[in-house]
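Undergrad: Spelled out, the chains give:
There are 2 protein chains.
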Amino acid sequence: MQSTALLTDRYELTMLEAALADGTAHRRCVFEVFARRLPAGRRYGVLAGTGRLLEALTAFRFGESELEWLREQGVVGEETLAYLAGYRFTGTISGYEEGDLYFPGSPVLTVQGTFGEAVLLETLILSILNHDSAVAAAASRMTMAAGTRPCLEMGSRRAHEEGAVAAARAAVVAGFTGTSNLEAGRRYGLETIGTAAHAYTLLHDDERSAFASQVAAAGPGTTLLVDTYDVQRGVARAVEVAGPGLGAVRLDSGDLPTLASEVRAQLDALGATGTRIVVSSDLDEYAIASLAAAPVDSYGVGTSVVTGSGHPTCGMVYKLVLREAADGVMRPVAKAAAEGKSSVGGRKVAARRLENALATEEVVVVSRDEDAPDLAALGALEENERLRRLVVPLVSDGVVDTRYVGAEGVARAARRHAASRAELPRASHRLSDGDPAIPTEVLRPR
Amino acid sequence: MQSTALLTDRYELTMLEAALADGTAHRRCVFEVFARRLPAGRRYGVLAGTGRLLEALTAFRFGESELEWLREQGVVGEETLAYLAGYRFTGTISGYEEGDLYFPGSPVLTVQGTFGEAVLLETLILSILNHDSAVAAAASRMTMAAGTRPCLEMGSRRAHEEGAVAAARAAVVAGFTGTSNLEAGRRYGLETIGTAAHAYTLLHDDERSAFASQVAAAGPGTTLLVDTYDVQRGVARAVEVAGPGLGAVRLDSGDLPTLASEVRAQLDALGATGTRIVVSSDLDEYAIASLAAAPVDSYGVGTSVVTGSGHPTCGMVYKLVLREAADGVMRPVAKAAAEGKSSVGGRKVAARRLENALATEEVVVVSRDEDAPDLAALGALEENERLRRLVVPLVSDGVVDTRYVGAEGVARAARRHAASRAELPRASHRLSDGDPAIPTEVLRPR
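In order, the protein sequences belong to chains A and B.
Just so we're aligned, residue 1 is where the first sequence starts under the numbering used here, counting upward by one.
Just so we're aligned, residue 1 is where the second sequence starts under the numbering used here, counting upward by one.
Bound-form chain A, shown alone (with noise of 0.2 Å):
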């Protein structure tokens, strides 16, 4: 991987050049990130880029191109420089594991460290978090929407070449089956999926060649795209070409509900009766709803996921929560409150309470210590009721949890999302607007 050094806001290696001046780089801070609110009528929010960020933070070194950059811009004088070449992340990393749901204020992240190791990382921490968290957020509902059928992610084109690898693999941790960017299975162990575009059929004399030629290459297994012409005789043509094996048709355009209803009728008076259906048609989690009752086999979702359905990006912020005072005391800091940009001081962790195995309530600790505080804060819980604590740690001492990255990294966020959806109330399983699916309540044990 590239150095992601200069991934940064040039704020931060100013505010460094001015901190190591007065030594005040040197004290301890905790830093935290968390979202003020969910966008608007949205239930839940979904954490992911945790693993993308534990890889881009072992890549975040200040080799000579990047010194030697910002030498020449006299963008920092030579101590700083001298601090960046040997800058190496050494603190502590605690988080929400990625794939899980937060709320207003839940304390996805905490990072530990001296002020000037844990402030460089802001930009790089916020933008994959962020972006890979708004994608998952609408994922999340995709796949909620589309109960038992695969959801495929085939958005690239609508997004940033190395977005859509991210926005990729953020569906599957939210729940999709696959992706047709090749990149993603490559770097995170992915299913691909494709078979062939309106161009195909285009390209030949007709429809019957481009559709033998596919079929000849891939097998009656595939996928053919039946509505470059006419839906009707294009399924008749690919059941013809392929026989009744033929896997699938993809219809790409077009009164889905009614189209997808009179092309299971045709495939079945074909003899086609295991043929499948996919739809692939700027849908999103409303058309994925809508299409409950028609009879559709899987979806390829585009332009919708890789753009998080209207909220491309979360408000997720960075914020000094608490530092060493110049007595070597450590004190909870926080900007004045101006509206809507209120913030809470103190070193938080957070645990959910569960009912009969149902979400009730996110619970948020607040603490003037370094450490994280101990959820016994949380008092007693009444029968029924258990504390599922939320915050694992991350990095320690520098050290990656290699559990968390790479293709084992997203199984596990995969799989943490299904179970942690699972444990929302039925009544956040709607995708129409509403309040976050449960309430989250701010202690402070002393």
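Be aware that one or more of the hints could be misleading.
Pairwise CB distance ranges, derived in the manner of DEER restraints [claimed, not checked]:
1) A:392 - B:337: 29 to 35 Å
2) B:72 - A:22: 52 to 58 Å
3) A:40 - B:268: 18 to 24 Å
4) A:258 - B:383: 50 to 56 Å
5) A:310 - B:3: 43 to 49 Å
Covered stretches of chain A (in silico footprint by chain B; criterion: 3 or more residues with CB under 8 Å from a CB of chain B, positions within the stretch not fixed) [to be verified]:
6) 22-33
7) 179-185
8) 190-196
9) 209-218
10) 227-238
11) 288-298
The hints are simulated quantities; they were obtained by calculation from the structure and are not laboratory data.
Heads up, the beta-carbon is just placed ideally off N, CA and C, and yes, glycines get one too.
Got chain A; can you put chain B on it based on the hints?
TA: The following block gives chain B in isolation, referenced to the frame of chain A:
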């Protein structure tokens, strides 16, 4: 640059595989990129990303590791792998100049080559152009609303980490003067900006020592963030610490029009008449317009510019419009019209009709010829009219025109954007929803 070859949808390779087997992979083809419509209410689109595309094209190579993964996964067979191993784009690409405006149906990019050569580029081309053009379109509305005041891009934290670099670049194409993103500065020669966050003030035992530290490191010409605790006291302290030569104060919260006036009066009363006011709190083009009468000197824009201000992607598609038939003759092709998905077969070029230096019409000329049609087809011009040709060569027989890449490409695109926007009729400078600024006429000369 790492290989970009797998930033591709799987179906491009499976189509190639089938087309190599039946011989159609070698048919000459013309693919075109266009948007069927603009986002609802928008007056014009802005083409951006061309320079990045040309850079990515040069890195579109299937190396050993890409080929090995495709082999392992069984995506394609040995014949196709051998084709991919030798893949170099040797065709021709032309298009609108980066930064120019486009309208529904404008042929912004044309790719000529064999089917095999051209089909592989679909995802890469669309990912780059759809993302970058979405950002540029939003950025252009912001710089138009800002008039002569500079707009600064600060949205990296709200975008995928590499998407952020591309977004900074696209914002500058559309008139932004700088970015907070260091990597964008390095890669594209952009001006980088930024001084300090609230965390810097909170790190210190009091605001005064934070300001003093920053001024000591960066000089009095720096920008001090004055809204961590109380703006009025913050401004007083800032001038006290830096003197009346303080470069700027930044306001990142509150009711900005009122606050800016109060702060301006306070600064003037303190003798800091040259101290500028930078505002940066969730600005979009409407917020910028509403600050036109406020004493603000520059705008820091984050979320809304990097996410395309409500339209995070463009609907550009990559369509086969002309291809060699079995008889060796080039024939126009198009998918059958479905609602909103029709396209026009045949190769296109375009010109913008200008009257007294203002655009009046986009003229798209369609041809069955492989080579670009002659603009003579556009007919006699009236007095005071001229035609501006919109299509320039970008890649000739595989060779990239380097004037469009790197820092030179960005600077050129920014000039093109400014010149093209200046041609827009006055009514299109409004932010309110409306029709495309000029109509498009499609001409079929033969």
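Undergrad: Each hint should be assessed against the structure and marked as holding or not.
TA: To see whether the hints hold, each was checked on the structure:
Between residue 392 (chain A) and residue 337 (chain B) the Cβ separation comes to about 54 Å, which falls outside the hinted range of 29 to 35 Å. The beta-carbon spacing between residue 72 (chain B) and residue 22 (chain A), approximately 54 Å, falls within the hinted interval of 52 to 58 Å. Residue 40 (chain A) and residue 268 (chain B) have their C-beta atoms about 40 Å apart, which leaves the hinted 18 to 24 Å range violated. Judged by the Cβ atoms, the range 50 to 56 Å given for residue 258 (chain A) and residue 383 (chain B) holds: they are separated by roughly 54 Å.
Checked against the hint of 43 to 49 Å, the C-beta distance between residue 310 (chain A) and residue 3 (chain B) comes to roughly 34 Å, which is inconsistent with it. Only residues whose C-beta sits within less than 8 Å of a C-beta in chain B count toward coverage, and the stretch 22-33 of chain A has 5 of them, enough to reach three; the restraint holds. Coverage of the stretch 179-185 of chain A by chain B holds [criterion: at least 3 residues with CB-CB distance below 8 Å; count 5]. With 5 residues having a Cβ less than 8 Å from any Cβ of chain B, the stretch 190-196 of chain A passes the three-residue criterion, so the hint holds.
Only when three residues or more bring their CB closer than 8 Å to a CB of chain B does the claim for the stretch 209-218 of chain A stand; here the count is 6, and the claim holds. Residue count for the stretch 227-238 of chain A with a Cβ under 8 Å from a Cβ of chain B: 4. That meets the three needed, and the coverage hint holds. Counting residues of the stretch 288-298 of chain A whose beta-carbon sits less than 8 Å from any beta-carbon of chain B gives 0, not enough to reach three: the coverage restraint is violated.
Of the numbered hints stated above, those contradicted by the structure are hints 1, 3, 5 and 11, listed in ascending order.
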